[in-house]
Structures are given as structure tokens and as C-alpha cells.
Amino acid sequence: MAFLFAQFLTGLANAAALFLVASGLSLIFGVTRIVNFAHGSFYMLGAFIGIYLMEILPGAVGFWGAILLTGIAVGLIGAFVEMVVLRPIYRAPELFQLVATFGVILVIQDLALMIWGAEDRLGPRAPGLRGVWRIFGEPVPKYDIILIAITPFILFALWYLITKTRLGVLVRAATQDREMVGALGVNQAWLFTGVFALGSALAGWGGALQLPKGGADLLMDFNIIGAVFVVVVIGGMGSLPGAFIASVLISVLNVFGVTYLPQSTLVLMFVVMAVVLIIRPYGLLGREEVAGEHGQVGAPETPIRPYGPMGQALIAALLLGLALLPLFVDQFMLILTIDMVIFALFAASLHFILGSGGLVSFGHAAFFGGGAYAAALLVFHTDTPMELAFLFAPLAAGLLALGIGWFCIRLTGVYFAMLTLAFSQLVWSLAFQWRAVTRGDDGLVNIWPSEWLSGTETYYYFALILGVGGILFLRHVIHSPFGYALRAGRDSPRQAEATGIDVKRVQFVAFALAGAMAGLAGGIFVFAKGSVFPTELEIAKSFDALIVVFLGGVKTLAGGVVGAGFMTVVEDWLTRLEYWRLLLGLVIIAVVIVMPEGIVGTLRTLWRRIRNTDEETV
Amino acid sequence: MSEILRVETLKKSYDGFLAVNGVSFSVAKGELKALIGPNGAGKSTCFNMLMGQLKPTEGEVFFEGERITGHKPRDIWRRGVGRTFQITGTYQSMTVIENVQMALMSHHRKIFSFGSRAWKLYREEAFEFLETVSMQDQADRPCSILAYGDLKRLELAIALCHRPRLLLMDEPTAGMAPSARVELMQLVADIVRDQGVSVLFTEHDMDVVFAHSHHIMVLNRGELIADGDATAVRNNPQVQEVYLGGGTLFKEESHA
Amino acid sequence: MNFLRRTVLATAAAMALVPAAGFAQETIKVGEINHYKRMAAFAEPYKLGIELALSEINEAGGVLGQELEFIFRDDQGDPAEAVKIAEELMTRDGAVMLTGTILSHVGLALSSFAAEKGYLYLASEPLADSLVWKSGNPYTFRLRASTWVQAAMLAEEAAKTDAIKYATIAPNYAYGQDAVEAFKANLKRLKPEVEFVAEQWPALFKIDAGAEVQAIERAKPDAIYNVTFGTDLAKFVRDGGDRGLFDGRNVYGLLTGEPEYLEPLGDEAPEGWFVTGFPWYGFEDGTPGKTFVDAYTEATGETPKIGSLVGYMTAQSIAAGIEAAGATDTESLVAAFEGLTVENTPIGELTYREIDNQSTLGAWVGTTALEDGKGVMVDWEYKDPAPYMPSDEDITAMRPAE
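So the protein sequences, as listed, match chains B, X and U.
To convert, note that position 222 of the first sequence is 222 in full-length UniProt numbering; the numbers rise steadily by one, no gaps.
To convert, note that position 200 of the second sequence is 200 in full-length UniProt numbering; the numbers rise steadily by one, no gaps.
To convert, note that position 163 of the third sequence is 163 in full-length UniProt numbering; the numbers rise steadily by one, no gaps.
It cannot be assumed that every hint is accurate.
Unchecked claim - Once the Cα atoms are required to be at most 30 Å apart in a straight line, the calculated DSS-like pairs of lysine-lysine come out as:
1. U:K206 <-> B:K142
2. X:K72 <-> B:K504
3. X:K29 <-> B:K504
4. B:K504 <-> X:K33
5. B:K142 <-> U:K220
6. B:K142 <-> U:K374
7. U:K134 <-> U:K374
8. B:K164 <-> X:K11
As the list claims (entries may be wrong) - Label-pair distances were calculated between CB atoms; the ranges are:
9. B:H476 <-> X:E125: 21 to 29 Å
10. B:E288 <-> X:R67: 50 to 58 Å
11. X:R67 <-> B:L388: 51 to 59 Å
Stated by the list, open to error - Pulled a few chain X residues facing chain B out of the computed Cβ check, cut under 10 Å:
12. G52
13. L54
14. K55
15. I76
16. W77
17. G89
18. Q92
19. S93
20. F112
21. S113
22. G115
23. S116
24. P142
25. A147
26. Y148
Rather than coming from a laboratory, the hints here were simulated on the basis of the structure.
By construction, the Cβ of each residue, glycine as well, lies at the ideal position given by its N, Cα and C atoms.
Looking at chain B on its own, in the form it has when it is part of the complex (with noise of 0.2 Å):
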């Protein structure tokens, strides 16, 4: 029983500094509608500036200061992201900001490592509190008790200033209706600035305080980020409250799962999300997400017309140019290439589903992956001949997204994306863990492509013939019935269900079809390159299909493709270079801001101007 008790003050002092920074993050989306991907980046910067000041600050006033301190430093620090990065974005299409904040993280990463160096730091301990009390004899750390005491009074702190104070008001009101907030005559700007500004602090503050139980290094930015969007999906999302009540739940159950079902580290908060979303869709506290009923926000995509005869002799000459690329460079060339249409491919699939269906996947990698997946595995195990085990890449990723589709489907906007990267991460735990199967992170090696096609230029075209097609293929798909009444879903789906369109159904089989897509991708993938391994599972890979995507233009057709092979482009030049993570993220910024309609809306814009044409000729 002591033990037993012991082990919930464990789970309770873990969920300070969880809740902390989810907190943070739920008022941020609450208001501003942004899911902010930094937010673990702020929450590292709080470890490192609170170092930095315990060191300068001596003794318990200092300790106690420093962390203060460090809230208002990471606040600023938030503030001047909002301000700069944020600002101008706001009119955006929905979640573009998203691309912003995956900026911010880069630029972050190389400032850290610039200004405090590679090396970990342990975080100072607490003066006084170091050692334990004993508790029904248990030995539980002082600092701990600490912990759990602070833990209410800032609960108190936050639900007194949402409550009771005008900033509070404002802020409920955004996070119900941000168009009134507007029409109030609010300064609606400096609002989403100053909730960014406490979001950040929290963050900031999350990271200062779990110091002496931990410390800073470089990776703590992504090893939070999980964690705390499963706090705030199962809390629902901009509930204090609900993110209270999800980090206990969470880090309750993690205690008790680290002593019970020791293997089970990996998965059980994403196990614990996926079955809350499937029970209760919007989360423990979580109200029915309104946004996406009226339209997106930002200007409504123009009507889609296949290429005239101009735009498909550029597509004809482009594809003519590379199918004679082998005449013109090196074995090098043809391999980006390679990458290039995989990536394109990927992140056509996802743009099917997320430009025309409206279905924001955060866990498209599990298709992708999954369809690497299975090809590996046949060949792997039985020897399965390559050509055989390719054709079970979209077809296992098929079957797998309409598994996975079956539960999500039926959720919305930012849910239906958590749901997708819950049982993405479920997918990934599998690889990763089952071992006697997939050998865990050592991956499936040597699966490489049948003799006729082993050589660069062969695999090239047969990379480049199934990739082509299927993007060409999703086109087509787009511009049949089937596409627009994905797209009469998405506007309208009240009065898609009204005039006979099962909206659901049509969203299902598009999920469907994008997951082979994808798994098309991630068989070309894992014959080019002869392995694979879990990373190609994980949500980074998700994230990079979903950047490029928003990158290239969500509202346009060629976005993603657009997208993929700009960055791919890019990232070939940028990571040769010693800071890359600074430059890719301050080029992400500057696309994101000069181009708020992505690469291709944006250029489309730009020649509709050039050329003078009426707005409303299609």
C-alpha cells in the first residue's frame, strides 16, 4: 500500500512540469488556433536560461528567482517569435502556422547548441531540498513534495487569471468565438501576442522547474513535444483544467506502467490517447471543434481545372526531361531524383487528403513506412521475390490506412490529426519493439531490387514511372466525382450529407487511397535504399511530408509535389553547410512569410497579377 502511494507521489511530481508546459501549449491553440510544434523548444530554452541564472543567483532566493526569471526571459523570447514569425501569418490557411513554429525549432536548435554547446547539463539542485522524506516509510525526494505542492497554486494561479481578471475574459472569449473578440474592438494582435508571451513562460517555467530532478541538453525540445500533445489532445485542447487532469493521468499511469509492464515506455501514452479520442473524441474536457464548419480560414480555394494546353506541354516537356536525365549527369543526379519523386510522391498522397478531403493526418509516415514495411518483411523472411513484395507496399499500406481510417474518420480537425499520429506511433512501437520480426532499430537490411533493375539508371525510371504515375494518378482522381465530392465534404459537408453524399464513406476511401499511395512510395523507398528502419515510422517523417505540403501550397494542386522537391533541393544544399538547421529554419521563415499561399499559390497569384486576368475567370 505505502509502495503503492509512493509510486502516485511520483506520478504527481512528474506531472508538474508536464502540465507546465501543456498548459501552455492548450492556451496557445485555445486562442490562437496555432499548434505550436516550438513549444518544446521554449520548454528547452527554460532548462537552459534557468541554469544560467542559478548559476549567477546564489542560494534559495536566487534558486526561486532564477526560475521566475526564466518565465519572463522565455515569455519575451515568446513574444518576439509571435511578433516576428506569427504575425504576419495569421490569415493563413488554417494550420500554415504550424510550418512557422517547425522553423522555429530549427532556428533554436543551432542557437542552443551555438550559445550553450553540446555537452549536457545537470540542473542545479534545489538548496535545502536535496535527499528524501520518508513516507509511510517510502523514501520520496523533497523536491518531489515540492513539486506536488506548487502544482495547485499554479493551477490556482491560471484558472484565476482566466477567470477573474480581463486578460482572462478576453481569452475565453477568443477561445470561443475569435471573430467576436475581433468585432468587440479588441486589439486582437496584441492579445494573441501577450497569450503566446504566458504560453511560452509556461513552457519556460516547465523547464526551469524539473531541473533539479533533470537537467538540459539538446534533444529535450522533441522529447517533450509527444508527451505534451497527448496531454493537451486528452485534456482537450485549450482546457486548463483537462490538461491538469491529463498529465496526473498520464504520468500516473506511466509510473505504474514502468513497474508493471516494464516494455511498455514506448506506447502507453499513445495507447492511453487513442483509446480517450475513441471514446470521447474531443477529449476528456474538450468541447465539439467548431472551426472548418464555414470554410477554412483565408481565402477559399479557386475552382481546379485539369492543365490547358500550355500547362500540360510544360508537364509533358518536364516529364520528357526527365525521362532523358540519364543522358545528361551523373549516377548521383539520378539517385536525388530518386528522392525526390519518392518524397513528391509521399507528399502527394498526404496533400490528397489534406488539400481536397481537409483531413489533416499528423501520422502519414505509418503508410509510408508501412508500405516499406511489408515489402521488407516478405523479402526479409521468404525470400519473396522483389517484384512481388513491391506490389504488397500499397497494398498492405492500404489495408493498414483503412484500419486506421476506421477509427479516425469519424473525428475532425486538429483530433482527427492526434488520433492519426496516436496510432501512427502505434505502428512505429511495433516496429520498433517486435523485435523477433522487424529487428527492432537494427531494421530490415539488405533489401535491395531483383537483378534487371539493380542498376542506378534502370531502378531510376522504374522509380520515376511508378512515382509520375501515381501522382498523375491522384490528379485524375481529383478531377473525377469521386475527388469533388471529397472536396463537397470539406466545403460543405451539411449539404454534401444533404444531397446524398455519405460524406464519411467518401473520406474513408480517400484515406484509403492515400495510404497505398504512400505505401507506393515506401516500397519505391525501400528498394532504393536497400533498408529500413523504424525512423522512416516516426512522426519526424510525418512532420517532413505535412511541411512540404503547407510549403508548396495547400490550396493549389501541385503543392506537395512542388513542396517535396523544393525541399529536397534544398535540404541537399543546406545540411552541407555547418549551422544547416539555422539556415533551413530561417528559410522555411522567409518562404512561410513571404509566401503565405505556399510556393505555387503564392507564384499563382503572382502571374494571375503579372498577366492582369480577372479574378473571376477560372
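Starting from the known structure of chain B, arrange chains X and U on it as the hints suggest.
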């Protein structure tokens, strides 16, 4: 007189609050019938139950003698019921004519067709429907730049696509200029006459209601307090109280 | 100040990274692929070690009369990216062979790629033993001491005590699992009566230290085997120390004594753990190890890490290999690397075994202690790996037929 729609003791409660409390009525074939009432009377709730967007707590709905209570909107639509919305729901990323083509594709069960080019399908048929609502000149404009009244007319065209036998219109003229209102309702009346469609609509504008409907029902606090022709309703003391109390006056001769 | 120095170094490095295509001077190029950003704490000392060796080699006339040059590329820790870069290095940049990587899975991807394309790959730092055993191939050689061997050294020490009940804690991925498996197998062989009462598997760099410590304490083990490292280790040591987990228990730590992990712990470094590591501070004057440490400290202004040593020996091995081959084509290089002997390394003579392409780099084992507020290894000795290796028959059975 054969009825096309029959509603029996329809109820809807939200956490104990009865938004619609035992409403029964019917709509006859070829009839243009209005459902009116002050704000919060339960008109939209009632409509959403008829069309399947909401599940009734109690009561039944019959369309052409068959029970459709609690069926999904798309199933009710397939049976031959069309509807327009108070706040228009059109496909912003498509052109005007594509909006109509979309409904036609659904009607012809082409949703899961992957082969053909959607914008070529049923174009002529769609054009005829646009002509019905005098929108043919704007057929190829993006839907997102239409004026509000035009959106309403487009929605009507969409609703007519599967040649419904009953049309449910939720505040068809809301947010339109007075002249446009008369025009639109005249159009609806013509459709009722020419195509034998029955129409049930809710409306705020009493001019519109008294000028165009064959019969009028009045809903107040979830209960039906009157059901009859214009004169009967106008003379109903309960109705007068509700509307006088609510500050809305009948303009007796305005429709003349 | 620190910031300024880093910036200067970084700028210099960035300039060095730009391929020097314009220079007429013929050089022999080696492609080096690593996770310079994702694993910066490990990759930086490694790179400094290589650079030190390169300057020494080129001062002494280079190899085959030409300058030896490394092209450093960042793969973001992504195996697919690494494979792409490898192709570019070999086909476009004129590299004669490949080396690098810390993360095992990236190493495995490169190894498979090297075998398919017929390139030579010297896996410098990856820990996975499958590189040379289960997934071994004729084109892949490995420098770093094998996990199996290091675990066996700890197991040998553990078997000498009367501890029966063991708990293990290891990061939940292939390396952690291999390390636990190796320790268990060796200990069971030496002392069949031991039992393993708890196996904890925290996610890499996401340890919930309090919970892990409680779970181990609950199993009441006599001794603990630790494989966690980096921030996980720091949190585990801290929480375990506070809660008294290590009191009266023997703890065996794989890699725990490496400066990369011991130094950040400062005065909270655990005392009395039996660990493998790199006690450079204890090297005696006149030994090759001390010579390396002095040269490194002088050149970089930093104290060496184990990565520095590996980097240094990587460049030494490659220089020796090319020299022995007398040519730079893959076939000659592979032939030269088989059984290659590298003279004058910090550990003396190093050999690449013909049977599995694994180097004979051993490990330092010792006990941790606190000196001047810093964790160090005391009573350490350098152990040759030979006695701890699986038998030749076992290795031949493990390696895929060539």
C-alpha cells in the same frame, strides 16, 4: 387530398428543456406551406428533425406514407426530399455550375466513380437547373464570389436537382433585399405550380409568408398554436398575442 | 567567451566543409558521414580526434605521397539520408571509402549499402554487434569495441561477488537490448545460479527516473546492471542516489565511465560502480595513450572523450589501410583491411580481425570514484578483447555466408 408529409407528436428535448413539444401536422401534395413563429420557437429544430440532421426525442415523421424518423439526411434526400439552409451551404471551391453538377452526380450515383472528368458530367442538365433559377449567366463563376441572394438561388437549384417531391426551405429569403425576396418566392411558387413540388418553409418575413403560402402553421415555445389558411391564422387570438407581444405586427393588406 | 570561440571554430569548420574543388593539389578523400547536429555531444569530440590525426598524418607526408582528406557530411541521423550522401561521396566527390556514424541503425544502413555497391565502409562508432556478426559483410569493418565484449568484462567482475539477484535497466532499443542480453548470457555462463528479478526498459532519453528506481527497489535485487547513458543516466543516478537505491548494492555500468557521460554528472557522479570507460586522466607519462591525450589537449583546448579516441584511431586506421593497399580501389583496400595491423595507436598495436572484420580495440574497466568534485575511474585496467569474444565457430555461424 393526399398528404406527402405527416408529422406525429414530434418532441425534442435538450437536458430537460423541450425545444419542440409534441408537434403534429401534415403537408399535402402540391402545397406551399409556411412554418412561422418568433425566435426560439423551435422552427429550425423542427426542420432539422424532418431532414434527419437531428434525432427526435419522441414522435414520428412519415414521407409518402413511409416512416423516415431518425433516418440520415442523405437517405431522406434519396427518397425525394430536398432542402435549403438558413445559412447557405455551398461548395466554395467550385464554380456555380459545378455545385449543381455535384448534386447531379450524387443523384446519378456517380460519387464513387474514378474514371471520368467531373466537370464534364451532366453539364447541360445542370445548366437547365441554373436557368430555372436564372443563374445561367453566372454558371462558370467561382462560387466564392457570389452575392448572398445568388447563393440562395444556387442552393435552390441544387435542391431541385433530384426532382424532389418535397422541398424543405429554412428561411429561404433571410438576409436578402426586399425586392429579391419577392422574386425568389415567386420563383418557388412557380416551381410548386409547374412541377407539382410540395414546399414547407420557415420564414421571418410575414409579407413573404402571407403573400405566397397556401397554409400557415405557427409555432410558439415548441408547440403548434395554429394551422390553417392566412385568414384563419391572422384571426387566431393566440397568434395575435404571440406576435403583438413580440412586437411584430401584421400588415393586413400588404400582399394585395 | 565560450560562445565566441565556438563561433570562430564553427565558421572555420563551415569554410572547411565547402568542397575545395578549385585546388589543384591531389588528395585522397575519405567520406565521413555522421550526425553532427543530432548527436552533437558525441560527434564533436570525434571530429576533433579525426582532425588531430589528419594533421599528424599529413605533416608526416600523407598517404601514398598524397594528402589525406576527410569530407564531413551531416546525415541528420536519418539512415536514408546517409545512404544518399554515401552515394554522392563515392560517385561525385571522389571519396575512396566511407566511414562514420554513431547511431547503430545508420551504420547498418551504410553497411548494407556498401556491400551492395561494393564500397568499403569502416564503421567507427556504432555499438551494434550485428554490424560484424549477424549482418556482417566483407565490405564492412568496425573499430569500436564490441558491446558483447564490454558486457562480458562486467559480467566477469559480477560473477566474482555473491550477488544472486540482479536487476537490469537499459534504454528500450536495440543497443540496450543487446547489452542486457550479452550481460545475462555471460553471467549465466559464469554463474548459473544468478536470477534476473527485474528488467527495466525506459525509452531512450525519456526516462521516468523516479518510477524506474521504485520499480527496481521493489524487486529487491542484490546488484544492478546499468546500460542507460546521457541524460537518462544523470536522472537515474540522481533519483537512485536520493532514494538510496545504490546503498549496499553492487552496480555495473556499461559505458558509464566514459567521459561523455561521467563528466556532466559533476560531483553527483556515482561512487563504487564497476564500469567500462575511458580514464584518460590516469594514463602514465611515456605511454602512447598519454601522448595522444597531451596532443589532443594541446590541439583542441579540451579534454578527450572516448569519441576523440575513436575519431583519432579511425583516421589512423584508414591511413594505415590505404598505405598497406598501395592503391585506392575498393578491392585493394578491402584486401588490405583484412587482418590490417595499425601501429602506434594510443592503445599500441591494433588489428582488424580476418574472421569478422572487428578491430581488437579493447576496453578500460574500473571503479568510479569522486575526485575534486568530479567523477573518475580508479583501479582501472585496459583489457584486451580476445578472451571475451565469442568462439570463432560461433562467429562464423553468425556471419552470413559470403
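Checklist entry - For which of the previously enumerated hints does the structure constitute a violation, in increasing order of number? => result Per hint list: 3, 4, 7, 8, 10, 13, 14, 25, 26 violated.
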